[in-house]
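Student: These protein sequence lines are chains A and B, in that order. Residue 211 is where the first sequence starts when you use the working numbering, and the numbers rise one by one after that. Residue 145 is where the second sequence starts when you use the working numbering, and the numbers rise one by one after that.
If you are wondering where the hints come from, they were derived from the structure by calculation, not from laboratory data. Think of the CB as a built atom: it goes at the ideal place given N, C-alpha and C, for glycine as much as any other residue. Any given hint could be a false lead.
[Unchecked claim] What follows is a set of in silico ranges between Cβ atoms, one per label pair, in the way DEER data are often shown: (1) GLN232(B) - ALA470(A): 56 to 66 Å; (2) GLN469(A) - GLN232(B): 23 to 33 Å; (3) GLU466(A) - VAL257(B): 51 to 61 Å; (4) LEU336(A) - GLN271(B): 17 to 27 Å; (5) GLY393(A) - ALA207(B): 14 to 24 Å; (6) MET280(A) - GLN247(B): 38 to 48 Å; (7) LEU254(B) - ASN372(A): 53 to 63 Å; (8) LEU324(A) - PRO248(B): 45 to 55 Å; (9) GLU284(B) - GLY393(A): 41 to 51 Å; (10) MET280(A) - GLY272(B): 51 to 61 Å; (11) ALA470(A) - PHE203(B): 54 to 64 Å; (12) GLN271(B) - TYR293(A): 25 to 35 Å; (13) PRO349(A) - GLY272(B): 18 to 28 Å.
[Claimed, not checked] Derived contacts from chain A toward chain B, CB cut-off under 10 Å, selection only: (14) VAL222; (15) PRO223; (16) TRP397.
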Amino acid sequence: MKVTLWGTRGSVPSPGPENVRYGGNTACVEVRGADGSLLILDAGSGVRRLGTVIGPEVGRIDILLTHLHMDHILGLGFFAPLYQEGLEVHIWGPPSAGHDLGTRLARYYLSRPLFPVRLRDLPCDLKLHDVERGVFSIPGFEVTADLVLHPGPTVGYRIRENGASLAYLPDHEPALGAREFPGSPEWISGFDLAHGADLLIHDAQYTVAEYSDHVGWGHSAMSHMLAFARAADVARLVTFHHDPAHSDTDIDCFVEEAQAAGLPFPVEAGQEGATYQVGD
Amino acid sequence: MGALPPGAGANHTMAQMEIELILMRQLASHLTMPIFLYGPDEDLLYFNEAAEKLIGISFDDAAPMPPDRLAALFRTKTEEGKRLPSSQLPIVIALRERRPVHQPVRFRSLDGVSRTIDLTAIPLDGQGGRQLGAVAIFWERKEEEAAE
Numbered sequence: 211m212k213v214t215l216w217g218t219r220g221s222v223p224s225p226g227p228e229n230v231r232y233g234g235n236t237a238c239v240e241v242r243g244a245d246g247s248l249l250i251l252d253a254g255s256g257v258r259r260l261g262t263v264i265g266p267e268v269g270r271i272d273i274l275l276t277h278l279h280m281d282h283i284l285g286l287g288f289f290a291p292l293y294q295e296g297l298e299v300h301i302w303g304p305p306s307a308g309h310d311l312g313t314r315l316a317r318y319y320l321s322r323p324l325f326p327v328r329l330r331d332l333p334c335d336l337k338l339h340d341v342e343r344g345v346f347s348i349p350g351f352e353v354t355a356d357l358v359l360h361p362g363p364t365v366g367y368r369i370r371e372n373g374a375s376l377a378y379l380p381d382h383e384p385a386l387g388a389r390e391f392p393g394s395p396e397w398i399s400g401f402d403l404a405h406g407a408d409l410l411i412h413d414a415q416y417t418v419a420e421y422s423d424h425v426g427w428g429h430s431a432m433s434h435m436l437a438f439a440r441a442a443d444v445a446r447l448v449t450f451h452h453d454p455a456h457s458d459t460d461i462d463c464f465v466e467e468a469q470a471a472g473l474p475f476p477v478e479a480g481q482e483g484a485t486y487q488v489g490d
Numbered sequence: 145m146g147a148l149p150p151g152a153g154a155n156h157t158m159a160q161m162e163i164e165l166i167l168m169r170q171l172a173s174h175l176t177m178p179i180f181l182y183g184p185d186e187d188l189l190y191f192n193e194a195a196e197k198l199i200g201i202s203f204d205d206a207a208p209m210p211p212d213r214l215a216a217l218f219r220t221k222t223e224e225g226k227r228l229p230s231s232q233l234p235i236v237i238a239l240r241e242r243r244p245v246h247q248p249v250r251f252r253s254l255d256g257v258s259r260t261i262d263l264t265a266i267p268l269d270g271q272g273g274r275q276l277g278a279v280a281i282f283w284e285r286k287e288e289e290a291a292e
């Protein structure tokens with residue numbers, strides 16, 4: 211599978227000269243299968259640009275939402291394929307205890323006064339799916355979803371194709387409340403999703419100093435991300451959900467520090483436009 | 145959608161706990177009330193430092209045991225001193241009947257001290273009808289401690 215990053219920023223779009231290299235768009239990752247299948251992870255502001263390059267050869271699009279915080283859905287209304295009559299678009303995401311995905315999307319975003327076009331008025335052939343924890347198949351991929359530590363119903367995903375695996379945990383605070391971290395694997399949020407993955411895309415929002423003022427906000431310090439990735443024995447790590455206040459220079463420094471730590475896997479900063487080949 | 149297989153991610157032998165159990169354990173580790181956490185198969189998953197102090201054994205030293213064995217080890221009785229059958233243990237009711245129970249219970253710690261406590265047992269239910277286990281909270285009555 212080929213993985214392309216269209217938005218690696220967290221919380222809120224953060225365009226500006228200080229963020230030119232890593233980008234200011236929020237969470238969006240394109241995954242293309244060997245057979246051309248198109249899967250999109252999250253629909254932050256980065257999904258708008260992705261929508262402009264999807265050709266007519268694509269007959270079905272699957273969008274997997276990790277959760278419904280605004281930085282992960284705000285691009286949906288500007289995703290051109292949703293306005294393409296008859297195009298099959300499947301949106302997958304977690305329900306809450308009281309509402310299914312469709313109700314939640316309509317209520318919290320795609321309805322007035324927040325947005326002029328109602329979810330039910332979109333001309334594409336839209337199909338909404340509640341994601342529970344478990345394994346399911348979509349064209350080209352096997353998907354595993356599991357709840358992870360982040361406020362509100364939030365899942366992480368593991369995408370498999372021909373034995374290769376991508377783990378995607380963009381908003382994740384596995385160290386929350388842990389007396390020792392990472393500790394035993396059975397007590398680590400997200401461990402099964404990430405274990406042995408060929409590529410892990412993981413929350414890297416805070417420095418250790420910043421984390422102490424944001425405990426419980428649902429995100430990781432860089433050190434937590436590294437400890438998690440090491441425990442999960444991943445082959446490659448890409449940082450994600452960069453804090454809006456972190457400039458390109460800041461991110462360079464964080465990643466250089468991480469690389470100097472002697473990790474058994476390469477780590478690099480998630481950059482808008484970067485592509486990764488996972489498996490053959 | 146298929147159930148998540150144990151160790152879905154790879155070949156490790158211990159299946160990761162459900163996220164709600166991870167959160168419950170982490171919360172319990174910070175609370176000062178003695179708390180016991182059971183899984184859906186009635187397996188004792190964790191008890192906190194306050195519980196260790198109350199019953200006189202550390203979690204790391206405790207062998208895995210179901211509620212009835214733990215109750216027998218600590219000679220659990222009703223407040224009136226009658227034997228409490230395993231089916232009437234609050235944690236067993238919470239696990240099997242999926243309802244909360246709050247009742248006084250007498251037991252003897254490994255230090256030989258007999259204590260009467262109020263015990264609250266609560267089932268833990270997750271989204272999608274998942275039965276996650278149950279938690280038992282011991283409320284101590286320190287003024288009633290007496291050496292047996």
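Student: Are the hints correct? Go through all of them and say.
Tutor: Hints versus structure:
Between GLN232(B) and ALA470(A) the C-beta distance comes to about 60 Å, which sits within the given range of 56 to 66 Å. About 59 Å separates the C-beta atoms of GLN469(A) and GLN232(B), a value inconsistent with the hinted range of 23 to 33 Å. Distance hint check: the CB atoms of GLU466(A) and VAL257(B) are about 57 Å apart, consistent with the given range 51 to 61 Å. Against the hinted window of 17 to 27 Å, the Cβ-Cβ separation of LEU336(A) and GLN271(B) comes to about 23 Å, which satisfies the hint.
Evaluation of the 14 to 24 Å hint for GLY393(A) and ALA207(B) yields a pass: the beta carbon distance comes to about 20 Å. A beta carbon spacing of about 46 Å between MET280(A) and GLN247(B) agrees with the range 38 to 48 Å that was offered as a hint. For LEU254(B) and ASN372(A), the Cβ-Cβ distance of about 55 Å falls inside the hinted range of 53 to 63 Å, so the restraint holds. Our hint of 45 to 55 Å for LEU324(A) and PRO248(B) holds, since their Cβ atoms are close to 53 Å apart.
The given range of 41 to 51 Å is broken by GLU284(B) and GLY393(A), whose C-beta atoms sit roughly 28 Å from each other. At about 25 Å, the CB distance of MET280(A) to GLY272(B) disagrees with the hint of 51 to 61 Å. Separated by about 37 Å at the C-beta atoms, ALA470(A) and PHE203(B) break the suggested range of 54 to 64 Å. The supplied range of 25 to 35 Å is met by GLN271(B) and TYR293(A), whose beta-carbon atoms lie about 32 Å from each other.
Taken as a hint, the range 18 to 28 Å holds for the pair PRO349(A) and GLY272(B), whose Cβ atoms sit roughly 25 Å apart. Because the closest C-beta pair between VAL222(A) and chain B is about 26 Å apart, greater than 10 Å, the hint is violated. Nearest Cβ of chain B to the Cβ of PRO223(A): about 29 Å, over the 10 Å cut. The hint is violated. Among the interface hints, the one on TRP397(A) holds; its C-beta lies about 6 Å from the nearest C-beta in chain B, closer than the 10 Å criterion.
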